[in-house]
Every structure is written in C-alpha cells, then in structure tokens.
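The listed protein sequences derive, respectively, from chains A, B and C.
If you use numbering that gives the first Met the number 0, the first sequence corresponds to residues 0 to 343, in order.
If you use numbering that gives the first Met the number 0, the second sequence corresponds to residues 0 to 132, in order.
If you use numbering that gives the first Met the number 0, the third sequence corresponds to residues 0 to 387, in order.
Hints listed in this document are in silico derivations from the structure and should not be mistaken for laboratory results.
Careful, some of the hints might be misleading.
[Said to hold, decoys possible] The following residues of chain A were derived to be distant from chain B, with all beta-carbon distances above 12 Å:
#1 GLU21
#2 LYS28
#3 GLY38
#4 MET131
[Stated by the list, open to error] Calculated lysine-lysine pairs in the DSS-like style (CA-CA distance at most 30 Å, straight line):
#5 A:LYS71 / B:LYS129
#6 B:LYS81 / A:LYS322
#7 C:LYS266 / C:LYS158
From the three backbone atoms N, C-alpha and C, an ideal C-beta is built for every residue, glycine too.
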Amino acid sequence: MEKVGIVGYGAYVPRYRIKAEEIARVWGKNGKSISAGLGVYEKSVPSMDEDTATISVEAARRAIKFSGVDPKEIGAVYVGSESHPYAVKPTATIVGEAIGATPDMTAADYEFACKAGTAAIQTCMGLVKSDMIKYGMAIGADVSQAAPGDALEYAASAGGAAYIIGKDNIIAEINETVSYTTDTPDFWRREGEPYPGHGERFTGEPAYFKQVLSATKKLMDKMGTKPSDYDYVVFHQPNGKFPMRAAKRLGFSKEQVEEGLLCPVIGNTYSGSTMIGLSAVLDVAKPGDRILATSYGSGAGSDSFDITVTDKIEGYPRNNIRKMIENKVYVDYALYMKYRGEFK
Amino acid sequence: MGIARYWREIPQRYNLIGTKCGSCGRVYFPPKAICPVCRRKSIGKMEEYKLKGTGTVETYTIIYTPPPHFEGEEPYAIALIKMDEGCYLMGEIVDCDFEDIHIGMKVEACFRRIEEDGTRGAIQYGYKFKKAE
Amino acid sequence: MRDVAIIGSGVTKFGELWEKSLADLVAEAGISAIMDAGIDGTDIDAMYIGGMSAGRFVGQEHLGALAAEVSGLSELHIPSTRVEAACASGGLALHSGYLAVASGMYDTVIVGGAEKMTDVAGKEATNILASAADREWEAFFGATFPGLYALLARYHMHKYGTTPEQLAAVAVKNHHNGSMNPKAQYRREITIEDVLNSTMVADPLHLLDCSPITDGAASAVITSVEKAKEYTDEIIKIKASAQASDSISLAGRSRFDALPATIEAAKRAYKQAGIEPSDIDFAEVHDCFTIAEIMAIEDLGFFKKGEGGKAAEEGLTALDGEIPINTSGGLKSKGHPVGATGIAQIHELLLQLRGKADKRQIEKAEIGLAHNVGGSGGTAVIHILEAI
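For reference, chain A alone in the conformation it holds in the complex (with noise of 0.2 Å):
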C-alpha cells in the first residue's frame, strides 16, 4: 500500500510570556515550589487580537510556506481546538480562505478537548490513503481558558500547528496510527461557560495515564516494537511532569522525551500541546529517525502514531519553533488579563 505521511508543518506560538510565579505570587501561592511541582515556568499569552483562528492561519501559513505545497491541491482542512472564536461557523474556513485553498475542498471543526488536532490528522490519512484528496491539512490550535485561581491557570497557553497529509513528497512517515477512546469525564466545558471543569487528581491515573499508556502500548504491540526502537517521544503536555512519568512506565527515557517536550517554557497548548511538541522533534529529527507521538484529551481518548522521517526532511527548513519561542516578552497579571480580553 502507498505510504501516507507529513508532506509539511508548520507551528505558532504567540510572543507574549507570563511567569508561573507571577501568577502565583497574585494568588498568594509560592511560585517556585508551583513550577517546580508542575514542570511549568512560564506560559504563554496570546494578544488580544489573536485567537484559534489567527493562530491556525499563521501556523498553516508556516505549513505552506515551508513545505511549498500549492493550497490549491490541499482538499480538505480541519482544525480541531476547544476554543474555536464561534461555537457555530467553523474556523477551517476561515483558514482554507486565508491560504488560498478554497472553495474544492471539504472542511469541518473538531472538538475533542487537547486531542482534536490529532483526530484531524488521522481523518486527512485516511481521506489521502482512499485518495480521495491529494492533500489534507489537519491543524490543533487554542488560546486555552482556564479560571482564574484555578489550578490550571499556571499552565493554559496558547498556540497551535498544521500538518499538511499526503502521498508525494512526505518528510515523515505515518506508519501507523491506533486510538484508545473511553467516556471518561476527566476534562469538560458545558456550552456558554467561558471555563473548563476537570476531576482534579482524577486527572492523573483513570484519565491522563490510562489513555495514554493504553493507546502507545497498543501502537507497540500493533508494530512489535519496543521503546528502545525509538529515537523520540512526544506526549501530550498538561504539565512538565505527566510525560516523563508516562515515559518512565512504559519504559522509555529522559533524553527520548526532552526534546519535544515544551511545557515548561510555552504551557499547554491544549489541542496544539501534541502537535507543537511534534514539531520541535521534526525541527531537529534526522532521515531514518523513528517517533512515537501519542496525544491525549478530555480525559477519554489518545491517538497514538508511529512515525519514520525521511530522507526528504533534510530539504525541509527547519529549527523553526524552538527560534520562534525565544522571541519572547513577559507581561504582568494585569497585561495578562488585558491580552486575554478580560476587559474589555
């Protein structure tokens, strides 16, 4: 069968930081043990005229450009987020427009809390395998909401990636691909609330590391791999912490994680959490190099991908997110309350 894989990517993350301490120190908490317990430092913030659909235009942008792919050929966009600006009228158009990919394409919305940016991938696979597109951009972004006060408001950031999906020209393998889905009521936000509930250390064990584990066992099982046949590991990243314990059960090492781990510098992404952190290991992935990404969302699913770079990547430009994060500059809790739109 015709290998299906990434043909480009792209990924953004807004230029603003807040420290954890600062919010901490707002709060009345003690920042340092904060970031040191959650693996979080600072997160970052989008401005107030950034949203999930500018962050996905610039990061699809980035996609095109780097990969030179004609947005004409791209049949389809999906863009998965929890945080899309409507709750009805989907952002996907608002992106195929902006690339210059409309109208023959089919466009949709995904919502599956931090994971709908992988689901997303997983439908352009198959759309591409059954050729019944040419190319397929799937793309996970947010500009997270957390309360403020809550627990999550350390690590609820903004950002997102595109993955351009296809036959020809592919930088990265998709192997495989296996999902682990369960109605587990881990992480939720009822229509009209501006903020997410979630099951506090019930995050962790049935929610977090369940799916998780699940789906990237079955991967293993499913390809008869091992982890040391892997050169990285991407997982989800709520906080600093969740992927090395993920990592460290099943058996994979410090080194295969760090590289796309970017939580402790930018937060969590949410649905650009996976697909960032996948970024920054193609940044730097060699031809031959083999990747396990698994994400995670809502408590309930992960989607697990095996993938093999190519000899194509090293024509691909590349070092782009991690250069991107460096530009960088802090604002305090009341800027961050502006750029959030809290007053508005």
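For chain A, the structure is supplied; the task is to place chains B and C on it using the hints.
Structure of chains B and C alone, referenced to chain A:
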C-alpha cells in the same frame, strides 16, 4: 460592519489581493477599477494581483484614544506602510515595542482579529503588520 | 462670469451649546447674517448650507429643506441645497453660492454652515468624525482622525525636524487670539508646557494640539459686486474661490509632507485673483490640528516647505507678525463645528477687512485668505477676499 460588506472584502483583508494595471504594471491596493495614470487605456486590463505582504514603515503613530471598536486595546500603533510593490496602505503594527518602531522599519503582514460585532455578531479578521523576521 | 461680493455675515457663539438645537443654530446665524447685510429675506434667491454629518449627529438629513424652513424662506420656495465635504462643507457652500452668483443664475444668495456635535457622547462624535477618513481602509484598521494627522506630524518632524514645541506654539498663539474673540469656545491663554503636558491623543499630538468638539453655525450673504453697491460703500470682493480634491485616504496621496489639495487649490486661487502669496495680508487656515496649520502656511506659499514650524515658533504668524494666521483663534481656540468652520473663517476675514475685529484687529487688512480642508486633505477650498 454588515455581513455582506465584510465578506466582499475578504480577499483584500485576508490575502491582500489588489489590482495590477495591465497597461503600465503599477500595483494598487485596495483594487482599482481603472488605473489613475493610464485611465482609458487600462479599462478591461486591471488584473487581480496578490501583494507579497512585505513593506517598510513610511510613518507611524501611537493611538491613545481609540475608536469604539478598538476600545480596551489602547495604546496601539498604526502606520502608513509602503508595500514592496510600491503602493501604500494603513495598518496596525503588532508584536513590537513602541520604542522599536521607526520610519524605514521592514514589516510583514500577519493575520489578526480586527473587530467583532458585539457578542452576537460576526468577528472580522484582517491584516496587521509585524517587524519582518 | 461677473464679480461677487460678500455683504454680510454672522456667527453664533461656538461651544457646547446645550440649549440650542441644530435648527436653532442655523436660524440664529442666518438671521444675523441677513441683518448684517441689511437685506430682507425676500431678497434671497437661493441658499447653500454646509454640514458634515447631521444625519449621524442628530439623525437629520435633507438639511436644505430644514434650513429653508427655519429661515422662514420655505414659504418662498427658494432653492436650498446641502453640500458636504467633511470639514470643508462650509467653504464648499460658499464656493457653490459663488458659482451661482458669478454665473448670473442667482443674484443674492445666502450661504451657511452648521454642526451640532454635542447631542452625542464624545466617543460617538469622534467615531462620526472618522467618516471624513477612509472608513474601509483607514478607520476599520484602527486609525482615528487625530491618528491620521499624527501620522503626518511624525513624517513632517522626521523630514524637516519640526518639534513638538513648534506644534505647541501654534496652539498657544491661537489661544491668545481666541482669548480676544467673544464668540470663541475657549478663551483662556495656554502655555507650551500646558500643551506638552496635556494627554497624548495620538503620538505626537497632545489633547491641546487638537481642535475641540463644538456646536455652532455661521452664515454669509453674497451678491454681485454691482448689486452690492446698493447695500454698502465698503465692497468686499471675492477675488478667488477655488476648490481641489485629492484621495480620501492617506495611502492614495503623492506626498505626506503636504496636502496637495491645498497646494492645488491655492495655485488656482492665486491665479484667479492674479496675485502672489506675498500679497496676502492675513489668513484663516484650517488648524484642525496644530500640524495642519504648520503644513497649511507652507502649502499656501507663505513659508518655504519645512519652515512652518519655525515660523510659528518665531512669532511670524502672530497678530503682530509678518502674516497673522488665525486671528480668530483658529479651529483650536474658536472651536470647530465642522460644517460651520468654512463660513466662520469668512466671517473673521470680513471683520478684519472692515476694521471691526476689535482687540484682534490687525494693522494692514486689505486682502485676506480663507483655507478650509476636508478630512485629512481630500478636499481643499480657498477663498481670497479683498476690500475694494
């Protein structure tokens, strides 16, 4: 801004689609029905043309008292920008400290939220500019 | 084309006139101009009224008919026309009336301008004024009206070294003149420090660099020079009435250190009048912002391009300077009821030319120029008046 009016200008606001005179080659943004220089000779010869999005700052200001649709965003910088194609347009400069903005600064277009029609109306996106990488 | 003269004018007080409606203002100015001219209402053949945005300020369009009604002239069914060119609406009303009389179509015409800006909140007034700019491609992206002139100010400062102190000097001078004008909105003197310390509106323009929101109306009566002799010995002739346009948006301009519409209108006016800029004794120019006055005195040919700031700083445009500019206090101190400004400028010219400007009277006042601009320079209307 009404829905139809917003939608009509999406090619301009999202993708900087202007016009190029088929007679003299000058590029105009926003699109023009005829070329002011060639006039009659340009009728029927104005072609759609996508600007690259790069240019330099010709002049700029920092707005402290915003119009209603920009309330809560002040202060912000707007500039008159000379695009590489030779035409000028006006836009906000973002992601740049005010002290760093200067006449002659190279900028490139980015995609941002411009305004929204209250909480029930549509959101309007368009171009803004950041310092060129 | 026959020669046209102004035989009378009148202005209301300018300011926040809570007790006066738009109709009240139109009537008051019109009546005062008619009385000053010494004519009867039945002598009037046509009316032209300038107003920028009564539709948005007070929900009223069809100003021609409104003016006819409040002036009592609707019963005579005189032709009455509303003209609009943003802040140049007043000047355009006079230009339109001038064409009517010069062509011989009408003999005696009343022209006026009015704006009622304080029935809406300040923010809304500012938003309405932004319609003088390009709504789609300037205002939509966050430009405000002061923002547009601030862009021009920064460019002028960058190219010619004009300083914030020089901008402030214009405001100080105009407030000084306005302090002697009983109809002015602001009659207190200010200092350079006052200007520089006032709130920044759009860098580099401070609050005191900007003209205010004002209610007011002005009116003038014009007729042929021949007919004017029936009313007065002091004939004030309209030596030139010229108009020019330019792009509404700054992005469409050919240069940013001047207003080409002003330069063109001025060329046409000087040609019509057969004179040079140096023949002008004094002028009312369109100082919607201090930078606008500096650019105007250069564009009108009174000073070399780039030297307007220095001229203001050195007092060359003061009441006792080599060419007094804005003896009325200008838009800055007198106030800027948008549609009325162009005619209010004419009223000041008349006062000076007739020797009736009281404390602000300048010595040599034989030929005066009025310069009225719409938006950021999309329209310019210039009149030259001479006492013959």
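Evaluated hints:
| no. | hint | verdict |
| --- | --- | --- |
| 1 | GLU21 | 19 Å, holds |
| 2 | LYS28 | 28 Å, holds |
| 3 | GLY38 | 27 Å, holds |
| 4 | MET131 | 26 Å, holds |
| 5 | A:LYS71 / B:LYS129 | 27 Å, holds |
| 6 | B:LYS81 / A:LYS322 | 28 Å, holds |
| 7 | C:LYS266 / C:LYS158 | 24 Å, holds |
The structure shown violates none of the earlier numbered hints.
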